[in-house]
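S.K.: On the provided structure of chain R, position chain F as indicated by the hints.
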Amino acid sequence: MNWLALASIVSAALAVSFGAIGPALGEGRAVAAAMDAIARQPEAANTISRTLFVGLAMIETMAIYCLVIALLLLFANPLLK
Amino acid sequence: MNSPLANPVLFHLGPVPITSPVLVTWAIMLTLSLGAFALTRRLALVPGPTQAMLELIVETVDAQIRDTMRTEPGPYRAFIGTLFVFIFTANWSGLVPGAEPPTAHLETDAALALLVFLAVIVFGIRAGGLRGYLASFAAPNPVMIPLNFVESLTRTFSLLVRLFGNVMSGVFVIGIVLSLAGLLVPIPLMALDLLTGAVQAYIFAVLAMVFIAQAVGEAKPLTPKDRSDT
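Going line by line, the protein sequences match chains R and F. Heads up: the first sequence runs through residues 19 to 99, numbered per this note's numbering. Heads up: the second sequence runs through residues 21 to 250, numbered per this note's numbering.
Hints in this document: simulated from the structure, not taken from any laboratory. The reader is advised that the hints may include incorrect statements.
[Unchecked claim] Ranges between beta-carbon positions, derived for each pair:
1) R:35 <-> F:83: 51 to 57 Å
2) F:149 <-> R:20: 56 to 62 Å
3) F:40 <-> R:87: 42 to 48 Å
4) R:29 <-> F:29: 28 to 34 Å
5) R:68 <-> F:23: 34 to 40 Å
6) F:47 <-> R:97: 35 to 41 Å
7) F:149 <-> R:29: 47 to 53 Å
8) R:35 <-> F:117: 30 to 36 Å
9) F:102 <-> R:93: 29 to 35 Å
10) R:87 <-> F:95: 34 to 40 Å
11) R:69 <-> F:92: 17 to 23 Å
12) R:23 <-> F:159: 43 to 49 Å
[What the hints assert, rightly or not] Here are some chain F residues the structure puts well away from chain R; computed CB gaps all over 10 Å:
13) 24
14) 26
15) 27
16) 62
17) 70
18) 79
19) 97
20) 99
21) 103
22) 120
23) 138
24) 155
25) 162
On a predicted model such as this, the values are computed, not experimentally measured, just so you know. We put the CB at the ideal spot given by N, CA and C, even for glycine.
Just chain R, with the same shape it has in the complex (with noise of 0.2 Å):
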């Protein structure tokens, strides 16, 4: 095993490690402030859960985007072939 590939496993490791940490910050808050709304104002909670999920979803990306360069640094990587 080369340098290049030790690297390319280690960078994927670090991508998918801090790549969740931003993400499951900014979501806790989210859920955090939807249920607070949702507490005062239960008739709303239908579309604030829906706001939640896309919401969510779009925070739940940047994480999903870490992943997909960890898997292209492991499976697709142009360096190593």
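M.R.: Using the frame of chain R, we list chain F on its own:
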């Protein structure tokens, strides 16, 4: 371990290589179209159980379109509804033994995202004409033209990567756990995967609605009634 980005070729149909996602997609298309055809042959004014179920689906889609786009669902029902039902079935097709969700491969998702990209253009032009649609790219002022243009490309790309990443990571994790831990352990993960699949189908449809509604709203010249809404 197999790469999630690779597509092993099953057989060749003449010069065209056929992969397993294509085969599963065909099966889903066949099931959905034949099912819809067979179930709508005997529609009655007083619905039976099957028809009531179908009406429930259509009415839910209609209600979502009405809530999200704030217009009548008529022109959008066919596109959004088909998109949702297809992605939902595709995400859950992993339940059938031997089948893998076609949305876990980049190509299917790219095709779906391309459909949304084209639908935004078509609905935008239909609402405001070619001139109105193109003018919506210069929406706040002409400086934004490159940004708006890049945005319409990147959001299509993020639509594609979001669906691919979510479904593929579910399939991938189940594969890893199955190879490490054995037969019955991945079942909770599969349940989670079903939830993710349903949510992702919903989100794909909602985002398609949002993009189309945005294009339609910007392409159409604002009337005083619309302006009071926003």
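S.K.: Hint by hint, note whether the structure agrees.
M.R.: Here is what the structure says about each hint:
1. The hinted window of 51 to 57 Å between residue 35 of chain R and residue 83 of chain F is violated, with their beta carbons roughly 41 Å apart.
2. Checking the proposed 56 to 62 Å range against residue 149 of chain F and residue 20 of chain R shows it holds: the Cβ atoms sit about 59 Å from each other.
3. Checking the proposed 42 to 48 Å range against residue 40 of chain F and residue 87 of chain R shows it is violated: the Cβ atoms sit about 25 Å from each other.
4. Taken as a hint, the range 28 to 34 Å holds for the pair residue 29 of chain R and residue 29 of chain F, whose Cβ atoms sit roughly 31 Å apart.
5. With their beta carbons about 36 Å apart, residue 68 of chain R and residue 23 of chain F fall inside the hinted range of 34 to 40 Å.
6. Checked against the given bound of 35 to 41 Å, the beta carbons of residue 47 of chain F and residue 97 of chain R, roughly 38 Å apart, stay inside it.
7. For the pair residue 149 of chain F and residue 29 of chain R, the beta carbons lie near 49 Å from each other, so the given range of 47 to 53 Å is met.
8. About 34 Å separates the C-beta atoms of residue 35 of chain R and residue 117 of chain F, a value consistent with the hinted range of 30 to 36 Å.
9. The beta-carbon spacing between residue 102 of chain F and residue 93 of chain R, approximately 32 Å, falls within the hinted interval of 29 to 35 Å.
10. The supplied range of 34 to 40 Å is met by residue 87 of chain R and residue 95 of chain F, whose beta-carbon atoms lie about 38 Å from each other.
11. Distance hint check: the CB atoms of residue 69 of chain R and residue 92 of chain F are about 22 Å apart, consistent with the given range 17 to 23 Å.
12. At roughly 47 Å, the beta-carbon separation of residue 23 of chain R and residue 159 of chain F lies within the given 43 to 49 Å, and the hint holds.
13. The beta carbon of residue 24 of chain F is not kept farther than 10 Å from every beta carbon of chain R, the shortest such distance being approximately 6 Å.
14. A cut-off of 10 Å between C-beta atoms contradicts the statement that residue 26 of chain F is not in contact with chain R; the least separation is 7 Å.
15. Non-interface call for residue 27 of chain F relative to chain R: holds, since the shortest CB-CB distance, roughly 12 Å, exceeds 10 Å.
16. No Cβ of chain R approaches the Cβ of residue 62 of chain F within 10 Å, the least distance being about 34 Å, so the stated non-interface status holds.
17. Distance check on residue 70 of chain F: its Cβ is at least 28 Å (rounded) from any Cβ of chain R, clearing the 10 Å threshold; non-interface status holds.
18. For residue 79 of chain F, the requirement that its beta carbon stay farther than 10 Å from each beta carbon of chain R is met, with the minimum near 15 Å.
19. Residue-level check passed: residue 97 of chain F sits 18 Å from the nearest beta carbon of chain R, beyond 10 Å.
20. No Cβ of chain R approaches the Cβ of residue 99 of chain F within 10 Å, the least distance being about 18 Å, so the stated non-interface status holds.
21. For residue 103 of chain F, the non-interface assignment is confirmed: its Cβ lies about 15 Å from the closest Cβ of chain R, beyond the 10 Å cut-off.
22. Here residue 120 of chain F stays apart from chain R, with its beta-carbon at least about 16 Å from theirs, past the 10 Å limit.
23. Remark: the non-interface label on residue 138 of chain F is consistent with the geometry, its nearest Cβ contact in chain R lying 21 Å away (cut-off 10 Å).
24. Taking the minimum C-beta to C-beta distance to chain R, about 27 Å, the non-interface status of residue 155 of chain F holds against the 10 Å cut.
25. No beta-carbon of chain R comes within 10 Å of the beta-carbon of residue 162 of chain F; the shortest separation is about 28 Å.
Of the hints listed earlier, those the structure fails to meet are numbers 1, 3, 13, 14, in rising order.
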